[in-house]
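Engineer: Between the sequences and the hints, there should be enough to build the whole structure, so can you do that?
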Amino acid sequence: MRSELVFMLGGPQGAGLETSAQILTTSLAHLGYGVVSDREYHSNIRGKHSYVHFRASSEGTPLALTYPVDLLGAMDAETVFTHYHDLAPGGFLVYDESQEKARFDRIPSMGKELKARLRREFAELGLDGTLGSLARWLSERGIRLVGISYPDVLSKLAEKYGLQRAQASRYVSSILVGAVAGLMGLDEDAVRAGIERRFAGREALVEQNTYLASMVAETVRRMHGEPLRLESPAEPPGEVMVASGNDVVALGKVVGGLRFQAYYPITPAADESFLLERYERVGEEASLVVLQTEDEIAAISSVIGAALTGARAATATSGPGFSLMVEALGWAGINEVPIVITYYQRGGPSTGLPTRGSQSDLFFTLFASHGEFPRIVLASGDHLEAFRDAVEAFNLAERYQTPVIHLVDKFLANTIATMPVPDPSGLRVDRGLLAEEPGEGYKRFDLSSTLSPRAFLGAGPVMWFTGDEHDEAGHITEDPELRAAMYEKRMRKLELADREIPPEERAVLYGSRDADILLLGWGSVKGVALDAARVLEREGISVAYLHLRILEPFPSSHVRGILEGFGPGRVVAVEHSYNAQSAMLVALKTGFTVGRSIVKYTGRPIYTNELVDAVKRVLKGEERVVLSYGA
Amino acid sequence: MSRLELVKRTRTDEIRSLLRTERFPHIWCPGCGIGVALKCYAEAILKSDIPVEKHIIVSGIGCSGRAAGYMRLDGYHVTHGRPIPFAVGLKTARPDLEVTVFSGDGDLLTIGGNHFIHAVRRNDDINVIMINNFTYGMTGGQYSATTPNGARTLTSPYGFIEGTFNVPYMVAALGANFVARWTPLHDRELTRAIQEMFKIDGFAFIEVVSPCLIFGEMNNIPPLEMLKHFRKRCVIDHDADLSKVGLSTDPDQPIVLGNFVRRDRPSYQTRYRELMEKIRGGGGGRG
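Order-wise, the sequence lines are chains A and B. Position 522 of the first sequence, counting from 1, maps to 522 under our numbering, and the rest follow consecutively. Just so we're on the same page, our numbering is the position in the second sequence counted from 1, plus 631.
A portion of the hints provided could be inaccurate.
Stated by the list, open to error - Below, simulated DSBU-like cross-link-like pairs (lysine-lysine); rule was C-alpha separation at most 35 Å, straight line:
# : chain 1 : residue 1 : chain 2 : residue 2
1 : A       : Lys443    : B       : Lys685
2 : B       : Lys670    : B       : Lys859
3 : B       : Lys685    : A       : Lys489
No lab work stands behind these hints: they were computed from the structure.
Structural biologist: And the structure:
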């Protein structure tokens, strides 16, 4: 038996793929397995090819995704044509055998670039372009075929429950669930629990989908046994939750005391706000207002207004939305307003790749808006970090009275993973310095200390705020001495934060300072870097990983110390970008030149298998490796 | 001192107490209408039943944008075009406050037009006093969305041809709960209209058609002449057909004033509060 399984389900967007993914993830979580999955989809509503890539393990939640896959479950022929390369030797292909005559070049939803690549490949292999010929070719090379006639199975379902044929076609998702459950030998009750959760309260759907999944599982089991059964989980399942990155940020914000969130819908940020909308009814006394505004300028402007009343206020957006927020960001900066912007990076520039991931906005967030003002930029590496950072972002914003940008990305947003239920008992709410009973003489921008106590709107004293430079009371001034004093007061807050936030929390070293090589990364690189380190360790190569968690204020001397121990030739920046911006930032902040980089900018995540290969290439002397795996 | 003079004096002192006179001289040109409108706002505050400390003023950028800085109220001078969304955040987080946006035509209807129409649609419970001086005065007199066709501005030296918002018509069509238009020459009516505005739950709007020296200079109208123009052309008609109240440069066309619209559509903030009460009341308290 195996301790882990990598598998993929694919099909047209909107055909129920997410349903299959949710059911299987919940079922596996019920059985105590750790699961991580990434959904890759086109920027369109329905019809284009999408897929979910899973990794399940009996030893806790896997750190990252990898190739090849042990099992490919295809809703349609396009999935097989698109992913047949991804199957491991001896892997399993679940497909619709009634589609064997389907030709790749007649699939309308398939892109012409992929068709051109397949035309070349099939010509070389001597295949006629049909699904049947590809399946036979795969079979000859050791791939085990699990052919199921989807129409036959669906008509059995239709007969039993008196459904129309067109209705029955909406149940294809459960054929895949059944096939995976059969091959993995999943307990029937666990699968049912997954289905019940997905179709909560809709008894007929629970019944019909359970029937279909069980029927397919039974057939598959009879013909193939349970070749993909996982070992029993190493630890008995404790309390776990299944959540996306969007979900955990939303939960963190609620735990952190969010009272006002304004946003404009944008991929891949909006799901966070959708979940928050459902929490508007949380609590009895305080409420959480979630406001969908007319644009991102209105979103951030109303967030600033709400923050000045004392409410913990935030927005969530992606690159195009943040571009619109930049002017108001400076207003919050000059007026020392604590706001939180959760920034989900996606592929740019412009509309770019709206549904694909990227880490190319680091510099944008560090320097956005004209003029100079302090900001704090923190980035989360995984679900648990994202949850904690969502809380911490408010604390930092209020403690240093400045905007905080919480950087995440599409990969994290759309990764659904099992995770322990976060323990909120260790978390704190730090509202920073507040004025006690502010009276007539209260000055919001009192120059006698770097941090002036905040008073909330309506607390007593009259307060003024302006986007112009201001005096201690908030009035417009152009006096050169006052200007300099106020400027310095603001900028000193960043120096204060730099002194107060422990550097080893801002840049976290995983592994030994004596390792053969050091990977440098931030955000969602964390999981794959640690996973690759584990694999390479087994091959005798020791790899350390330096995780940059707070990028502003940058922990310069701490990072310089670690990097100099390795030397430029043994430090590799790993990033989902062209420029490896973290390496540029390190050079800017420490003077240390990172000599090597591994980058990827196809919009797909870095996979463990390709990072392992790339590290080996770097060890052989390559300075820059560009990755591109994934459909 | 007669009794009348005493009353008048007290009122003036009170108004002065609401103004940050230590910031004077203000930046507005002699003959400009913004100061009068601001005085009317201050007077309306004093006459309102709402305590002074509950009144909040939010302004954008431009000549009228400086208004917040001259009031002894919690005041916000925000980014260009964004006082409305800023005010929406304040009001939604603190519904007990009386939030008034005081800004100009360029700020509210040109760069900020999108926020304006959506705030009316949502029926946000805010007051908007818009000084319409037909131009961007502070930057030297460029045209705005309310510049009348034919008018000369820095950026339309041969006459403006783009087209002009008929502001009361538009705001009424969008569904605002209160729509009025006055000029600084009608200070008593304007003050009363602002008092009326404070009582409205929902979006309340007053256009203050204001003389502007910058605009006058470019159109060869001396300041005093401009005031005479206003006096001669203004007609009060509360029941006016709003499709016909657009402003033009034609000296023979009337400037129609009045309190045109009063509706009682519940505001977003009210509807939100009611929704929450309903959900909490019937939802078993779980989130």
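Engineer: Next step is simple, just say for each hint if it's right about the structure.
Structural biologist: How the hints compare with the structure:
Pair hint A/Lys443 plus B/Lys685 holds up; C-alpha atoms about 19 Å apart against a cutoff of 35 Å. Restraint check for B/Lys670 and B/Lys859: satisfied, since their Cα atoms lie roughly 21 Å apart, inside the 35 Å limit. Only pairs whose Cα atoms come within 35 Å are accepted, and B/Lys685 paired with A/Lys489 is accepted, the gap being roughly 30 Å.
When each numbered hint is compared with the structure, no violation occurs for any of them.
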